[in-house]
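Visitor: So the sequence lines, in the order shown, correspond to chains S and W.
For what it's worth, my numbering labels the leading residue of the first sequence as 1, then goes sequentially.
For what it's worth, my numbering labels the leading residue of the second sequence as 356, then goes sequentially.
Everything labelled a hint here was simulated from the structure, so no lab data went into it.
Treat the hints loosely; a few may be bogus.
[What the hints assert, rightly or not] Just so you have them, the derived chain S footprint on chain W, three or more residues with Cβ under 8 angstroms:
#, stretch
1, 468-479
2, 505-514
3, 522-530
4, 631-643
Treat the numbers as computed from the prediction; the structure is a model and nothing was measured.
A virtual CB, placed ideally from N, CA and C, is assigned to each residue, including glycine.
Protein chains: 2
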Amino acid sequence: MQGFAPLSERYSGKRVLVTGGLGFIGSNLVRRLVRTGASVTVIDACFPDQGANLFNLKGILDEVALVIADVGRVDDISAYMVDQDYVFNLAACISHVGSLRDPLRDLERNCVSQLRFLGALTELSPGARVLYTGSRSQYGSPSYLPMDEEHPMKPVDFNGVHKTAVEEYHRILHGLGKLRYTSLRLTNIYGPRHQMHHDGQGFLNWFIRQALAGQEICVYGDGAQKRDFLYVDDAVEAILLAASDPRCEGEAFNLASGVPTSVKEAAETICGLAGNSCRCVPYPPEAVAVEPGDMHLDGSRLQKLLDWRPRVGLEEGIARTLAFYRRYGSRYFHEGRGRVALEASTLGLGASSEK
Amino acid sequence: MQGFAPLSERYSGKRVLVTGGLGFIGSNLVRRLVRTGASVTVIDACFPDQGANLFNLKGILDEVALVIADVGRVDDISAYMVDQDYVFNLAACISHVGSLRDPLRDLERNCVSQLRFLGALTELSPGARVLYTGSRSQYGSPSYLPMDEEHPMKPVDFNGVHKTAVEEYHRILHGLGKLRYTSLRLTNIYGPRHQMHHDGQGFLNWFIRQALAGQEICVYGDGAQKRDFLYVDDAVEAILLAASDPRCEGEAFNLASGVPTSVKEAAETICGLAGNSCRCVPYPPEAVAVEPGDMHLDGSRLQKLLDWRPRVGLEEGIARTLAFYRRYGSRYFHEGRGRVALEASTLGLGASSEK
């Protein structure tokens, strides 16, 4: 009954590859995997501004194999793709506004790289369990709320189109018997190890940054628009449960808390904990095109299947996040800190020993 | 009341760009456009085996500007993309089986090239009316029949994923006010000027080829699977009506006859006209993965909106197609005839005068 064993039993001794493993969710996932006793390889391209940060793996760098490369560079990384039991495929460019500025780059870094990577993976780790992290942006503006997995997919930016296309690559390869996939469509994950030097990803973390900098939090519009927030530790647990549960194979699920909260309420929760204030400002022009209004997902299908519920409420999660960045903010608040490609490259490919 | 004027009034004197204009549907469209008095520019990459054939424009080559180039080579073709009133964006790789053999090539030729092309188009012909030809393969296996435009999109091959992504590019650019698009999702168009040297596209035309070669027609499976066929002249009329009708702007429609017919019945209709015979054979292994069973579209939404109905029934359409290839088959039956890139290149870019 693999599906019901504790996580440590499911992953201990397993060979696990995490793409995007220096990023926000990826690094939290890697840290949890290392604690289970998995043998973890991390591949990360360290593209500027995407969130990769070597500090995210501080303290466990000796326990993982780290490869600094785009997942599309299969000739360079193939040695690290062999005989993996699990692949957590998180590598992606995730900027919505950025994809409108440079759609071709978004296409290259998402679809082209992923198609190369998945093609090689089916050869090097045939039958691997692959978990892909999709995005609520695949749905676009809501036709109804909460949005379930059957909601039409009409993304409002190129990034949403490409995130869907890559999910579809997984589904098609699954249908051809070449890998075993699950897709989890994420929405508003927040918490420690998120980049904090620009506001292009994860506005809740950006609010926390503003609070810690002693600034007023700027809420777009009237702040009444609702979102569903999920603390990263909860997201990581669900990801690990889903990837190792055979009942999740071959399907896409929403991963969501199921607790819609207004943006203003979230900002006020931060203010209550951090002692600063917030105010409403008009949407900037380039955000208008990708602003969906109320937007929250129905995560009940996955929650029921896994018998999983989030454990960390919004106030507790924000408090933990504030505590993390109060201690380590200097590693995240400045652009140079997020751009670790050069620093990491000096380690060489896979410099750390595999367990 | 532009929407209700005859086609000749809608297109006479207009600057019209047709991508993929040496191919099957594209060339039939170009011939019709030239008759309306439009000023037509054709761009075609002449990729091998995709159907481009210089003979398709025989007799009107002096009346169009012809550019042999991939639509993604925007630096080479930009001079031909300026101030177009209408763009019929038919250029695509459309092999389902081929996309499983070489997904990256399918991605490159469809998504990458189209994203480059559309980006340039929004600069060079801002506000142009753009008609994109999608495909029934975007839907994948039917959840219900006939499949309407709301049917989930779960294609069974990479080509279907990429055809959808390119449709989405049009929709997003429309939403941003950068072009005015309509997408028509086509299904089983047949008729003159289709390539006839391999069976990777358009099985009805391939049946006709077998009949003309005096071979038995090979029907896969028991032949009971239903399809909806549409004669190319009817498809061209609907394409021209939709592109010039403001009520079609910003939406995707099925273009279908609405008359499901079994594959065996279609084969027997050919046999009745051509005097040969047909037999059922097992599906070849690589066709199984992309075989959806019964598959026909609900085309009523577009038919009602345009007050358009197909005029050419299956028997009449097959008779016309047989007559065309009896006369010109030598131009279509051999591989070399379909690969016109070199021959056309000797004409130079845009060798023919613009009207």
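Visitor: Name the hints, by number, that the structure is in violation of.
Guide: 4
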